[in-house]
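K.L.:
Here is how the chains run, residue by residue.
Number of protein chains: 4
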Amino acid sequence: MSSIFGNKFKISIFGESHGKAIGVVLDGLPAGIELDMDFIKGELSRRQPGKSIFSTPRKEKDDFEILSGYFCGRTTGSPLSAVIFNRDTKSRDYEELKLLPRPGHADYTGFVKYGGFNDYRGGGHFSGRLTAPLVFAGAVAKQVLKMQNIIIASHIKSIHDVCDESFDSINIDEEALKELINSDFPVLDALAGQKMKELILDAKKEKDSVGGIIETIVINLEPGLGSPFFDGVESRMAHALFSIPAVKGIEFGSGFDITRLRGSQANDEFVLEGDRIVTSTNHNGGILGGITTGMPLLFRVAIKPTPSIGISQGTVDIQKMQETTIMVKGRHDPCIVPRAIPAVEAAAAVVILDLLFERDGEHGLFRGFKSADR
Amino acid sequence: MSSIFGNKFKISIFGESHGKAIGVVLDGLPAGIELDMDFIKGELSRRQPGKSIFSTPRKEKDDFEILSGYFCGRTTGSPLSAVIFNRDTKSRDYEELKLLPRPGHADYTGFVKYGGFNDYRGGGHFSGRLTAPLVFAGAVAKQVLKMQNIIIASHIKSIHDVCDESFDSINIDEEALKELINSDFPVLDALAGQKMKELILDAKKEKDSVGGIIETIVINLEPGLGSPFFDGVESRMAHALFSIPAVKGIEFGSGFDITRLRGSQANDEFVLEGDRIVTSTNHNGGILGGITTGMPLLFRVAIKPTPSIGISQGTVDIQKMQETTIMVKGRHDPCIVPRAIPAVEAAAAVVILDLLFERDGEHGLFRGFKSADR
Amino acid sequence: MSSIFGNKFKISIFGESHGKAIGVVLDGLPAGIELDMDFIKGELSRRQPGKSIFSTPRKEKDDFEILSGYFCGRTTGSPLSAVIFNRDTKSRDYEELKLLPRPGHADYTGFVKYGGFNDYRGGGHFSGRLTAPLVFAGAVAKQVLKMQNIIIASHIKSIHDVCDESFDSINIDEEALKELINSDFPVLDALAGQKMKELILDAKKEKDSVGGIIETIVINLEPGLGSPFFDGVESRMAHALFSIPAVKGIEFGSGFDITRLRGSQANDEFVLEGDRIVTSTNHNGGILGGITTGMPLLFRVAIKPTPSIGISQGTVDIQKMQETTIMVKGRHDPCIVPRAIPAVEAAAAVVILDLLFERDGEHGLFRGFKSADR
Amino acid sequence: MSSIFGNKFKISIFGESHGKAIGVVLDGLPAGIELDMDFIKGELSRRQPGKSIFSTPRKEKDDFEILSGYFCGRTTGSPLSAVIFNRDTKSRDYEELKLLPRPGHADYTGFVKYGGFNDYRGGGHFSGRLTAPLVFAGAVAKQVLKMQNIIIASHIKSIHDVCDESFDSINIDEEALKELINSDFPVLDALAGQKMKELILDAKKEKDSVGGIIETIVINLEPGLGSPFFDGVESRMAHALFSIPAVKGIEFGSGFDITRLRGSQANDEFVLEGDRIVTSTNHNGGILGGITTGMPLLFRVAIKPTPSIGISQGTVDIQKMQETTIMVKGRHDPCIVPRAIPAVEAAAAVVILDLLFERDGEHGLFRGFKSADR
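Protein chains in written order, with the working numbering: chain A, 132 to 505; chain B, 132 to 505; chain C, 132 to 505; chain D, 132 to 505.
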C-alpha cells in the first residue's frame, strides 16, 4: 500500500519535505458534509513548528488548498484532495548530508531502498512534515466523528523520565478533555507539565533532544466496531499509528502493565449502568476480540527523541565507505512530542471513521444528509 | 479485510473453535517450494495445548490436511489450503455461557457485532485456537525464510513480575537462538525460568492466570525491506501481531524505554563492519523510517493473563439484562505465554515473507526454482 | 489478489481439478442468514457435468461440505468456508500431456508462470472445475439478493451462428425469467434452442466443440449502486466475469452495437413511471457513470468453444523443444455454454452483494436479523 | 476502491471537471526513472479537446504540474503526484441543468448516489476530463514499458457503421504501429478513415454524435504475466478499461466472434519460431488462463456516441418530478473516439506496468537503476 491507507475511507499521502508541495487525497468520504475550515487550520497549527521555544524555528505556513471534492460548502462524495505548498525550505542545509546518513533518521534505509534516488533534503518523503497531510485528513475525520459525539483527546503522559497522571478511562470528565484539546502542552498535572518543559529546555540548551509518551482517549464509541483477527481495532490503529515517524511502541488499555496483573484483576467485569452494559474497570482499553466494547478506547504511543540533534555523531560516508562524524545543522525540535499529538489523534480518527463507514455503509451514517434540502 | 491479511502473500483464516474445522488459504506462495511437513507439525505442536502442566488439558490433535496447492512434493503456485478438523470439543460446557459474556473474552463484543448469531462455543472464531492456522502459515513462511538464512527466535521476557534478561541485538549467538527455538519454555536465564514456572503453578492452584511479555528477534534480514508510512515494517508487523488474541502492546527496539533516552543516546550511530554498514547500538530495533536497516529486528509483545479463570466473576445476563456472576468451567491455561510464541513468530514470518515477495517479485526470489529440472 | 476477490464481501477460491479438494472462503458475509442448502445443491448441479449428452460424462459428485461460519442454521458472521472433495478423477489421462501444452488451454502459460511446478492434471487450478466454488459463492449471494427481491436470470443468446432472441430489458416478465432459471438449456425461442442442440451434437460427432454467448439480466436493483471510475459496476462485473475460464468478451446494454447508434438514439431518455424515474430505452444496460440507474442490468458474455477436442492439433514438446501433435483424450464437453451460466450468474451475484454491503454496511442491510429472537 | 486502482503500482485519481484542479497520485513507481516531459505533454495533447473540427472547441490547457516524487530529473520512489489546473471552465452553462439529468450522462445516478451534493458542473468527477490524469499515468507507465521494448498502439476500428481493417496480430509491422501512434486519427485503411471523418461531420451538422470501436495491440510482452482467476490479465484490463466513461464493451482476441468458430479453429496451435514457442493464430489475443502467452495482446473497446448532443431530449425535473425536455448547450464532441485512444492505451499501460512490478518486484525490473552512479 505504501502511502495509501484504509478500507472504505482511504487516504493517499504524497509529497516531500523540501519538494514543491505535500498533500493528501481522501477517497470514500460521503457527500454532503460541511467542513469547518478554521478547525482544520487549528489542527494544522497544533502540528506546526516554529510556534514556541520547544520546537524548531522553521516557519511552515501550512496553508492548505482544497483542489477537489468540495463544492458549495459541502463534500461532493468524490475524492477530496488538498495540497500544502512548501515555502520556508532551505535545501542547501541538506546538500552536504546527501551521502552522510544521519543516525536515527531514515537517510540510510531510504538510500538503500531507493538506490540513492530519493529526495534526501530534510528526510524527503520520510519527513515528519508528511504528518501535515495526515493531520488534514484527521481534521476532516474528527468533524464527522463529532457529529456522532465521538471525541478524541490526548495528554503528554511523559517526557523523558517525568510522568503525568493517567487518564481515568471509567469516569470521563468531558470538560477536562476539551481543555486538553485546546492546550498547546496538554497535561493533567500542571506541575508535571512544568517539569517537562524544563527538561525540554535543558535538552535544547545541550543541543540534545528528548522523547516521551502520548496517552489518547476516544469516548462515545458504540460497541461492535471492528472485527476479529486482521481487521481488529488494535491492528488497524497500530498500523496507522506506526506510520507516524518516531513512534516505537503502542499499547492499549493497561498495555504492557496488564502482564503484571492476574486474570482475576485484568478481566474487566460487566455491570449495568442504567440500561447499558459497561465494565467496572477498563484494563482492555475499550477493545475485546478486536471489537469496541463501548468503553472509552485508551492507548499510549512511545515517541522517540527527535533524531536531529546539534551534537557530533558517528556515521559512514556511503560513497567513500569511510567512518566519519556528522553534525546536523539546521532547525530542529528539542522535543517532538507536543507536535506529534495531532498526528496521533489524526491516525486514530481516520481509522475510526473507516470503521464507522464499514459498519454503516455509504447510506447508513449519512442518510441524514441525503435528504438535505438544496 | 477481516480474516484475510497480506499484500502479495495473503493468508485467509477460517473456522470456529468448536465447529467442524479450522483452516487457512495461502495465496501468492511461489511454485516449487518443498515443504518439511515434520517442521510444520513441530510448530503446531509448540502451540498445541495439553502437553504440560502449564496449559489446558484439552487435547487438540492438530493434524493438518493439505487440500490444494501442493503436488509432487512441491508448492504449485496456486493457493495452498490446509484444514485442521476439530475433534476434542466439549460444546456442552459452553451452552450455559451463551448469554453470560465472560469478562476479558470477546463474548460480549461478538454478541453485539453479530447480533447473537456468532458461534459462542469456546469463543468461536475469536478463539485462540484460530492461531493454529496462523502457525501453519508461519511454518510455511519460516521455511522459505530459512532458505534466505533468515531466522526468528523468541524467549519469554517476563511472566507477571519475573523478568528474564534481554536479547543482545548487536552480538548474535546463533547457536543460543537455535536452542531457544527448540525449547518448550525458552528463557535466557534458567533461574528466572524456574521462578516463572512456580508463578504459573501458583496461579493455577488458585484457579487464576498470569500474563507476560514475549521478546522476538529476527536475524539476517537485508536492509531496504518495507516502505515509509503505511507499508512500514512496524505498521505491518503490528497489524499482524495485534490480530493474535490477548496481545495488548507492541514495541520495537527499545520501545517505550526509548522515551527515557536522549537523542544522543537513542540515535544508533553508523559504523563499518568490514564492508557492511551497521549500527553500534540498536535502540531502533532494526527499523528506520519503516524500512529494515539490516540490523536484527527486535520487538516485544505484551500478552494479557488468560481471561478464562476458575474464579467467580461479575457479568450481565444479556437477555434478562441483570447483573449476575459467572464461573468459567472447562479447560483453560493458567498462562498462555509459552504457547503464544509460535503464533507471534508466525505473524512476523508471514509479514517478512510478504515484504520479500514485494521486493523481489514472483520471479526474483524464486528464480532458482524456475529452472529446476523436473 | 490472485484467487481472492471483493471489497467488503470477499471470496477466496482454492483447489486444483485433480487434487484432494476445491473450495472457497466467503469473508464478510453478515451474520444471521439462513441458507437453503437445496438451492445451493441445485446451483452446483446446473454447473455439474455428466448430466446430459451435451456435456462431459465425467461425473463429479459436487457434494459440498461447510467447514465453518454456519451454526444453528444461520451464518455466524465469521468466514464461511466450504469444500468439495474431488472424486471421479482419472489423473493418468493427463500424464502424457505434462510437457505437451494443449492449444487453447492454460497449460503453456501455467508452465511458464509456475516453472513447471503447477498441477497440470486436468488444468489444475486453471480448470473450469474451479467455477464450482464460485457457483457455491454465487448460490449464497443469490439467496441474500432474493431477500431484496433482486433476481438474476440468463439465456443462451447464441451457440455458434444460431441466435436466440434478446431480452426485453424494459418490460420484464418475471414469470418467464423464473422459467429460464429452472431450465437446463434456457432460451427465449424454443426453435432456436432446438437448432443449437443440433449444432452441439454435430460438433460432438466430429469430436469438435462450439462456443456461444450468454445474456444475463438482473432486475430490481435500486439506483445508486457503484461508483465512478475504478469501482464502477461495469469494472467490477467485468473483473469477476473475465475470471471465468473461456470468457473472451463482455458488453453491457447494447454493448458493441451501441457504436452503430447515434447519440440521439443511444441516450436513454428519462421518463416517469408513477413516482419512479426510469428510462424509456435501456441501451446503457442499467448503468450510467458506473452506477446503477434502477433499470434492469443487462450484459452479454462471449464463451469460446471448449478447447478440449478429440482432434489432432499442433503443439510443441516443451522439454524437447520440438513441434509435434496432440490428441486430447479423456472426457470433455462439446459445448460449455449451458454449464457456464451458473458461473456467470454467480460472478454477477457476488459483485452485486458486495455493492450492497458497501452501500449499506454491516448493520444496514441486515439490521433486521440483528434483533432476531434466538 | 473508488478512484484508486492497482496492486503494486497504484493510481489515485481526483478532481472535478469544473473544480479547481484534477490530478493523480502514482504510488509504487520505482526510483530512478527519467521522465520525458514532452512525451507526457504529447499524450495529454492527444486527449485534449479543441484541436480539430471533430472535437469540442473547449480549450483545456492541460499543463500538468508535478508536485512530488520527482527530484533531480528522476523519480524518487515516493508517490509521484501531478495536478492540472482547470482553466477554460464556463460553469454557468451548467447551472440550469442541475435538476435536469442529461440522458446518457451520469447526472441522474450521481444525484442518487451523492444525494445531490456532487459537483454537477460538466459532469463533475464523472467527466471525461478525468481521463486526463489517467493519460498522465499512462504516459509515465508507457515510458517504463518502452524500456522493456513494450509498445502499445491503436487504431479506430470503426466509427458508426464504417469499419477499418483489423490488426494483424501475428505478423507485426512495428513501423506501421509507430505511425499510428503519431496520428491524430489513426486508421489502417485511409479510405475508411476518410469516410469516418465525413460521418462525424454529418453528425456534427445535425448536432448529433457517433460512437465507434478502438482496437489496441500491445507487443513484446513476455509470456507468464498475470494469474488465473481474479488477477487475470483480462480481468484487470477490463476493470481499468471500463472505468473510462463511455466504454460499453470489451473483447480480447477474436472476442465475440470466437463464439462463431469451432474449437478446432479457435485453439491457437503452438509452433516454434526459432527457439521461441509461439502460436500460429491468435484468436485468444495473447492471453490463456489469464496469463500472457507472449503473443501480441489484442483487444477492442466499444465507445458509445457522446451523450452530449444539441438536440432536444426527454428528461425529468428531479425536484418537481415532472417530465420535461432538455437541450444540452455548451461545447461537446460529435465523436469522442479519437480522443479516447490515449485513455484506452493509458489504462492498458497502467495494468501492464503493475503486472511487471508484481512479477519482478521493486528490485527486479529496476535493479539496473539501483547501481546508478549519482
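Keep in mind that a hint or two might mislead.
For chains that are exact copies, the list does not tell them apart, and a pair is met inside one copy or across any two.
[As the list claims (entries may be wrong)] Below, a list of computed lysine to any residue pairs in the SDA-like style, where the Cα atoms sit at most 25 Å apart:
#, residue 1, residue 2
1, K335, E400
2, K326, L230
3, K151, M168
4, K328, E353
5, K335, Q274
6, K277, S443
7, K277, R490
8, K151, G173
9, K451, E404
10, K336, N138
11, K335, I350
12, K335, I301
13, K172, E296
14, K277, D194
If you're looking for bench data, these hints aren't it; they were derived computationally from the structure.
K.L.:
The structure should be examined with respect to each hint, and the outcome stated for every one.
P.N.:
Here's how the hints hold up against the structure:
In this assembly of identical chains, K335 and E400 lie within 25 Å of each other by CA distance solely across copies; the values are 20 Å between and 46 Å within a copy. In this homomeric assembly, K326 and L230 never come within 25 Å of each other (Cα to Cα): the closest approach is 39 Å inside a single copy and 50 Å across copies. For the identical chains of this complex, K151 and M168 are neighbours both inside a copy (23 Å) and across copies (17 Å), given an alpha-carbon limit of 25 Å. In the homo-oligomer, the alpha carbons of K328 and E353 never lie at most 25 Å apart, since the shortest distance is 37 Å inside one protomer and 40 Å across protomers.
For a Cα distance limit of 25 Å, the shortest separation of K335 from Q274 qualifies neither inside one copy, at 36 Å, nor across copies, at 49 Å. In this assembly of identical chains, K277 and S443 lie within 25 Å of each other by CA distance neither inside one copy nor across copies; the values are 47 Å within and 39 Å between. Taking the shortest alpha-carbon separations for K277 and R490, both the intra-copy value of 17 Å and the inter-copy value of 22 Å come in at or below 25 Å. Taking the shortest alpha-carbon separations for K151 and G173, both the intra-copy value of 23 Å and the inter-copy value of 23 Å come in at or below 25 Å.
Proximity of K451 and E404 under a CA criterion of 25 Å is satisfied inter-copy only: 14 Å between copies versus 68 Å inside one chain copy. For the identical chains of this complex, K336 and N138 are neighbours neither inside a copy (45 Å) nor across copies (46 Å), given an alpha-carbon limit of 25 Å. Within a single copy, K335 and I350 get their C-alpha atoms no closer than 36 Å, and across copies no closer than 36 Å, so neither meets the 25 Å cut-off. With identical chains, the CA atoms of K335 and I301 are never at most 25 Å apart, being 37 Å at best within one copy and 30 Å at best between copies.
In this assembly of identical chains, the alpha carbons of K172 and E296 never lie at most 25 Å apart, being 30 Å within a copy and 48 Å across copies at closest. Taking the closest pair of Cα atoms, K277 and D194 come within 25 Å of each other only inside a single copy of the chain (23 Å); across copies the shortest separation is 40 Å, beyond that limit.
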